[in-house]
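Student: Let chain A serve as the given structure and place chain B on it in line with the hints.
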Amino acid sequence: MAMDEDRKYSDREDRELLAGEYALGTLDARERAEAERLIASDPAFAGRVRYWEYRLAALTDAVDPVEPPSSLWQRILNALPPSGGAQIIDLSRRLKRWQATAYVAGAIAASLLVFIGVREAYQSRLPEGGKLVAVLQQDKVSPGFLLTVDLRTKEFTVRRVGAEAPRDRAFELWLVHDKFPAPRSLGVIGDREFTQAALSAYDPKIINEATYAVTVEPPGGSPTGVATGPIVYVGKLIEAVP
Amino acid sequence: MTSAADLVAHLAAVRQGDRAAFEQLYAATRAKLYGVVLRILKRHDLADEVIQETYLKIWGNAGSFDPAVASPITWMVTIARNRAIDLVRKRSETSIEEEPQAMDVASEFPNPLAARELGEELKRLMDCVGRLEADRKNMVLLAYYDGLSREQLAAKFDKPVNTIKTWLRRSLIEIRECLGSGEG
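Quick note, the sequences are listed as chains A and B, same order. Residue numbers for the first sequence, in the numbering used here: 3 to 244. Residue numbers for the second sequence, in the numbering used here: 222 to 405.
Please keep in mind that the hints were generated in silico from the structure rather than gathered at the bench. No experiment lies behind these values; they were computed from the predicted model shown. A portion of the hints provided could be inaccurate.
SDA-like mimics (lysine to any residue), calculated; alpha carbons at most 25 angstroms apart, straight line [as the list claims (entries may be wrong)]:
(1) B:278 / A:41
(2) B:311 / A:18
(3) B:311 / B:386
(4) A:181 / A:144
(5) B:380 / B:355
(6) B:278 / A:45
(7) B:311 / A:47
Excised from the complex, chain A in its bound form:
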């Protein structure tokens, strides 16, 4: 028992020092790659890396600035992705980027892929008054919330599954649909296990087609009505029972 405790502690301390050495920069290429995998998969570890990185970064105050060659700015500009004409609402942009990343990384849930198939089949007709469900997730192994919508009453329930908001931050749910210029807030969720509200302002077609995204916001939700924080979970609705 005591040995288990010791071991657990030392494993944790080992991780902590891996985070510290990653930030200091002394790991070799293989260990850095391992640390980067952990940063991507383990938020607690990523937090410790940030702790060390941000503390140590004060040291750079003592480094003499050096002007880069003036040609470098043009090189950077040339390498920027082409701009997409009119400014798109920020959350929609991030959502697209998120989706692109998820597809490229192959990290989109197998369930989602299945769902896309199922969805194609149902696209032509609207579910009539049934229950719809969406898993709002980060990647295939990290579901954050379960969203259930009753199309008849337009009531929805969000159940917190794996999500935990950072300290002094709140989760806010957004409805994203091409028909709206900006994502619509559906309110703060996740401060308790179940959050219930209604989508009375939206017609069933919109509810069915929309993407639901969760962002991290100040306590009480975004003060401006526009999403300010990063998207942490996202998903679309499918019929709970066909």
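Tutor: For chain B alone, kept in the frame of chain A given last:
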């Protein structure tokens, strides 16, 4: 002098795809970032490459910057430094110092206590780093400023790599204890 608040505003605009704000952000931060990565990479061509990648990443990831967690310059310099370290580690088979293009960078690392402005955070950190035994303090600063790996530190201090690893880790623990709770 661009304030941290200006940089936060620039980053918020960059997030919306504002290239003019991106240029202002670049103008305000390029020399600092370039100085940090050049010191690690010792070659202008490599520093150019890393700084280009860094600003592209800043452009693409401005939305993930959280002003509640870090200042803009801290966030940006961390991206730049990580890229530089990644590059030197991947090139570690060919030692950069032995390459003909390697430039001669002052062999002494920057003296943090002689920084033009000794910010609160640097002061606090240096209070803690300064409590380390002389060799360990030098080791930490060499690792941070010049990007030396454990192996390079072992050669420099004429100690086995495992000893270096132990020293580095003990130094980190001491720094963390000195800084306080360790909560991020």
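Student: Against the structure shown, which of the earlier numbered hints fail to hold, in ascending order?
Tutor: 4
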